[in-house]
Structure formats: C-alpha cells, structure tokens
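2 protein chains.
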Amino acid sequence: MARFRINILGCGSATPSLRHQPSSQVIDFRDNLMMIDCGEGTQLAMRRMRLKFSRLNHIFISHLHGDHVLGLPGLLSTLALQGKTGSVTVHTFPEGIELLRDVVNFFCREPGYDIIFEPVSHEGGLVYEDHALTVTAIPLYHRVPCVGYIFREKEKPRHLKGDMVKYFDIPVSKLHDIKMGQDFVCRDGTVIANSRLTSPSDPCMSYAYCSDTQYDERVARAVTGVDTVFHEATYIDADAVKARERGHSTASEAARVALQAGARQLILGHYSKSYENEDMHLVQAKEIFPNTILANEGLTVDLL
Amino acid sequence: MARFRINILGCGSATPSLRHQPSSQVIDFRDNLMMIDCGEGTQLAMRRMRLKFSRLNHIFISHLHGDHVLGLPGLLSTLALQGKTGSVTVHTFPEGIELLRDVVNFFCREPGYDIIFEPVSHEGGLVYEDHALTVTAIPLYHRVPCVGYIFREKEKPRHLKGDMVKYFDIPVSKLHDIKMGQDFVCRDGTVIANSRLTSPSDPCMSYAYCSDTQYDERVARAVTGVDTVFHEATYIDADAVKARERGHSTASEAARVALQAGARQLILGHYSKSYENEDMHLVQAKEIFPNTILANEGLTVDLL
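Chains A and B, in that order, are what the protein sequence lines are.
Terminal number for the first sequence in my numbering: 500, no gaps in between.
Terminal number for the second sequence in my numbering: 500, no gaps in between.
Hints listed in this document are in silico derivations from the structure and should not be mistaken for laboratory results.
Incorrect hints may have been included.
Straight line, CA to CA, 27 Å or less: simulated BS3-like cross-link-like pairs of lysine-lysine [what the hints assert, rightly or not]: (1) A:LYS469 x B:LYS469; (2) B:LYS469 x A:LYS248; (3) B:LYS482 x B:LYS469; (4) B:LYS370 x A:LYS248; (5) A:LYS438 x B:LYS248; (6) A:LYS248 x A:LYS375; (7) A:LYS438 x A:LYS469; (8) B:LYS357 x B:LYS375; (9) A:LYS375 x A:LYS362; (10) B:LYS350 x B:LYS375; (11) B:LYS350 x B:LYS370; (12) B:LYS370 x B:LYS357.
Keep in mind that this is a model prediction, so the values were computed, not measured.
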C-alpha cells in the first residue's frame with residue numbers, strides 16, 4: 197500500500213508534445229486516489245501507470261485552461277464504461293461547472309456512479325477533509341483565476357510501548373486516548389506521563405501543487421511548512437520576461453519559493469515545449485534549492 | 197506530395213487502451229488534410245505522424261460519441277496556439293453544434309482562425325466539394341445517429357499525346373477542352389477523334405469510412421464502386437451477439453460489406469479492447485474478402 201505517493205501523469209504545458217503530456221497528477225494516499233488536473237490523455241496515462249480507475253474519487257482542478265481540464269469528459273466516460281460505482285467529486289471554479297456538467301451529461305450518459313461538482317472559491321480554503329487528510333486550495337497568480345492545492349496528513353496517533361502497557365496493565369478502553377497523547381491515571385491515582393507509555397507519532401507528510409503561477413511571495417508563505425512542493429517551472433532564466441508576460445515561473449523562481457517556504461524537496465514541472473530537455477531548469481533551480489528534482493511522465497515520489 | 201493517402205491516427209473503440217487510440221483518421225489529399233473523427237489524443241497522434249496542423253481545414257465527425265469527438269477542443273486550441281490562420285470547418289450533426297461551440301468558445305479563446313460548424317444531416321448527402329474532390333455522408337446503423345463518409349476524386353483530365361498535339365498543330369487555347377474529352381476540328385473541317393490525341397485519365401480514387409455501424413446491406417450499397425473501404429470490425433465472430441446488441445460489426449461482416457460493394461481493398465478498425473491482438477479479425481475477414489488489411493496507429497495507405 198502506498199502511504200502518500202505522488203504520481204506524475206503529465207508535466208508539460210499548454211501544447212502537448214511528444215515529450216510531455218498536459219498537466220495531471222494522482223495522489224495515492226493509502227490506496228485512495230485523488231487527481232489534480234486532468235489534461236487531455238490523462239486516462240491513458242493512468243493506464244500506463246497502472247492506477248486503478250475504481251479507486252479514484254476526487255479530482256481537483258487548478259484552473260479552467262484546456263490543458264488542465266480537457267481530459268475530464270473522456271476519463272469520466274471511461275470510468276462509467278469500466279463499471280465504476282460510488283461517486284467522483286470534481287472540485288473546480290463555479291464558472292466552469294455548468295459547461296463541464298453539460299459536456300459530461302452529453303458524452304457520459306447514464307454512468308453507474310455519481311458525478312458531483314463541488315465549487316472551489318478563487319480565494320481558496322479547505323476543499324476536502326477526512327479522518328486522515330485535508331486538502332486546501334490556495335490562490336495562485338496566473339493570467340486567469342487559479343488555485344494550488346495542499347494535501348496535509350492529519351496528526352497521527354503516537355506509538356504505544358507494548359511493554360509499558362503491559363506493565364501498567366492498561367485497559368484496552370484507554371488505549372485510544374493514550375495514543376492521542378493523554379496521560380494514564382492508575383487506580384491508586386498515580387499519573388503515568390504519556391511520554392513513558394508512547395513514542396512519538398510518525399511525522400505528518402504534506403504536499404503542495406502550485407501550477408500555473410508566476411513567482412509570488414504569497415505562494416511561498418502559503419506553502420510554508422509543507423514537506424514537498426511541486427512548483428511550475430515553465431521557463432528557464434533566459435526566458436524570464438516571457439514567464440512574467442504569460443503568468444508563469446522560471447525554474448529559479450520555483451526554487452526561491454521552495455527556499456522561502458522551507459520545503460524539504462521541490463519538484464519542477466509544467467515545462468514549455470520550447471526546450472529540448474529540462475537540464476537547464478534543473479541546474480538553475482539547484483543553485484538556489486539543491487533538493488530539486490524534475491517531474492517526468494511516469495515518475496512516482498513517495499513522501500516518507 | 198501525397199496524392200490520396202489515408203493516415204490512421206486511432207483505430208480503437210470506446211475505451212482507449214495502451215494498444216489502440218480512439219478513432220481518428222486524416223486524409224491527405226494533395227497536401228490538404230481532412231480529418232475524420234477526433235477522439236481524445238488526436239492532436240498528439242497528428243504530431244507523431246508529422247501531419248501539419250496548418251494544412252488541416254476540414255473535420256468530419258461520424259457521430260456524437262466521446263471516442264469520436266473528445267479530442268476536438270484540444271486540437272482546435274492547439275491550432276490556435278500554433279498560429280493557424282484561415283479556417284477549420286467541423287462537419288457534424290446539428291444537435292452537437294451548440295455544445296461543441298460552447299466548449300470551443302470557453303477553452304479556445306480568440307483563435308486567429310475561424311472555427312466554422314457545418315451541420316450534417318442524419319440522412320447524409322454531399323458535405324464538401326472542391327474542384328478535385330467530393331465528400332458525401334452516408335447513413336450508418338449504430339445505436340445513435342451516425343454517418344460514414346465517402347471521399348471521391350472527381351474525374352481527371354485525359355493525358356495529351358504530345359506528338360499528336362504537335363502534328364496537328366493544336367492551339368494552346370484548345371488543349372483544355374481536348375483534355376476534357378473533346379475532339380479537335382481542323383481548319384479544313386476534318387475531325388480528329390479525341391482518342392487519337394489523348395490517352396485515358398488516371399483512375400479516380402475513392403475511399404469510404406464506415407464507423408460505427410452494425411452490418412447492414414444498405415452500407416454495402418452506399419459504398420458500391422468505392423475503391424478502398426474502411427469498415428469497423430469491433431468484434432470477431434465469437435462475439436457476434438455482442439456486436440449486434442451494441443450496434444457494431446464483426447470482422448466477417450465488414451468483409452461481407454466489402455465483397456458486396458465490389459471494393460478493391462478493405463481496412464479493418466475500431467477494435468474492441470477485449471482482444472489481445474487482431475489476428476483473428478484478419479483471418480476471419482480474409483476468408484470472405486482476401487484483400488483485407490488491419491488498421492493500426494501510424495499506418496498510412498496510399499490510394500494508387
């Protein structure tokens with residue numbers, strides 16, 4: 197079982213090329229799949245990466261540009277043909293919902309599952325929560341309204357020390373509270389400090405997806421404290437003017453965001469198709485933020 | 197320059213697989229590209245086959261199922277980003293035009309070329325004509341309204357016999373009429389038969405695209421006289437019941453159509469993804485119609 201794995205399905209920009217597909221990623225969080233963006237060809241990329249359609253329940257759209265959305269009708273149709281049950285919730289801006297619903301109703305008739313559209317505010321905010329995870333939208337700064345998404349594991353229970361549990365003969369009914377950090381009070385009133393009964397919980401992993409956006413310190417502030425940051429790096433330094441004009445970032449700017457946010461690692465992506473490869477993106481980012489890797493179709497990154 | 201070339205971009209059925217893409221073909225007729233159907237991923241298939249976006253001016257849609265249409269918004273967006281000028285005409289059923297126009301307007305803002313939607317009647321009829329070619333829609337018999345398309349070269353001028361033209365000292369002003377079959381009348385009134393002055397014109401090639409459809413004799417009648425017939429062969433004989441239930445054909449049925457129509461060659465395609473390969477399709481079709489080939493992504497067929 198993947199604990200918290202990022203799957204890169206597509207990391208190209210507006211025009212798909214023979215090297216890079218349009219944007220899409222799938223977060224495999226304890227075997228539940230959550231997709232971010234769904235460019236044309238995403239369903240095929242899912243097959244290539246052997247990601248099970250049946251486990252996909254949420255799709256988060258960053259913004260309403262075709263290269264982040266146009267794979268949606270085909271994917272939802274295929275889910276229907278594959279006998280998907282339950283529901284898929286598409287989180288997107290309100291202004292896109294009517295059109296997307298019309299398209300899905302037209303091309304994906306009588307699916308055996310519910311297709312739910314949940315509006316996302318341009319200002320961001322909490323968009324999803326379960327017992328173990330939250331997903332929060334944060335504003336990005338592109339030519340059109342755009343949000344990033346932060347996936348945060350919730351605080352996890354502390355690990356019980358088996359020998360101590362035995363030694364103090366702690367009843368099963370108390371174990372949950374102790375795992376959550378409570379001390380134990382013996383029958384005679386003695387208080388056993390939680391630190392004697394448990395060891396610290398595993399660290400909580402977090403992931404931020406920031407695409408598309410120009411460089412902005414507010415993005416760095418919003419992702420401060422996040423472990424792994426994906427930040428678009430459409431261009432290299434030589435094309436910084438183009439980046440600014442088009443509401444995109446350079447690799448160096450992505451690195452500055454990761455540095456300012458105190459991230460542990462940075463993943464670059466959303467490359468312009470005008471480069472033969474992304475070697476220069478990597479060099480320029482690493483000068484500022486050494487722990488940088490390049491996204492690529494088929495790449496998986498486990499957050500550990 | 198291709199004279200009349202069929203390019204197979206995708207020949208899978210409803211669900212794209214790692215073996216076959218959804219439906220799309222491009223007819224390269226004297227360097228003008230005309231597309232038939234545009235499933236998801238078609239723009240990428242065009243790149244793979246090095247078909248120039250700038251030369252694409254007409255797209256003919258067989259029916260409004262996603263696997264034949266959903267690549268359209270992405271393709272039209274990319275044409276805009278590539279600086280396409282002039283126009284692209286999408287020929288499709290009236291009931292799809294409003295939705296497709298809405299999608300294109302939403303995702304493909306301010307293209308530098310005109311996107312024209314031309315309604316196609318469910319009953320078929322002439323949908324395109326220029327000095328050298330006609331495109332005619334013919335009804336097919338699927339679960340929903342569906343048409344095939346016949347591409348027919350117009351009759352071509354006969355070849356002048358240079359030595360005879362010299363011998364009879366024919367003025368240039370008369371050559372066009374002679375190429376079109378007229379006799380030549382000398383100044384003294386002698387009539388020189390056209391057959392002495394010209395040799396026969398090249399044969400007129402024709403191509404019929406028949407997908408999606410169940411087996412129907414009316415299809416065979418409609419494509420009678422066509423040189424090369426593409427006919428869907430979603431299933432093999434063992435799945436004939438499924439074929440009928442779903443409005444599709446078996447490979448044998450496709451072969452019967454080609455035989456009844458007196459075609460020269462048959463191309464099979466639109467394969468169900470339930471088979472590991474299409475060997476059996478080919479065997480079963482060839483028993484009925486020997487000159488059968490299998491469509492495959494990347495295949496080109498020159499009509500000569």
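Hints versus structure:
1. A:LYS469 x B:LYS469: The hint is violated at about 32 Å.
2. B:LYS469 x A:LYS248: Holds. LYS469 of chain B to LYS248 of chain A sits at ~17 Å (cutoff 27 Å).
3. B:LYS482 x B:LYS469: The hint holds at about 21 Å.
4. B:LYS370 x A:LYS248: 70 Å, violated
5. A:LYS438 x B:LYS248: Holds: LYS438 of chain A and LYS248 of chain B sit about 26 Å apart, inside 27 Å.
6. A:LYS248 x A:LYS375: 33 Å, violated
7. A:LYS438 x A:LYS469: Holds, at about 13 Å.
8. B:LYS357 x B:LYS375: 10 Å, holds
9. A:LYS375 x A:LYS362: Holds: LYS375 of chain A and LYS362 of chain A sit about 15 Å apart, inside 27 Å.
10. B:LYS350 x B:LYS375: Holds, at about 14 Å.
11. B:LYS350 x B:LYS370: 21 Å, holds
12. B:LYS370 x B:LYS357: 14 Å, holds
Violation of the numbered hints given earlier is confined to hints 1, 4 and 6; the remaining hints are satisfied by the structure.
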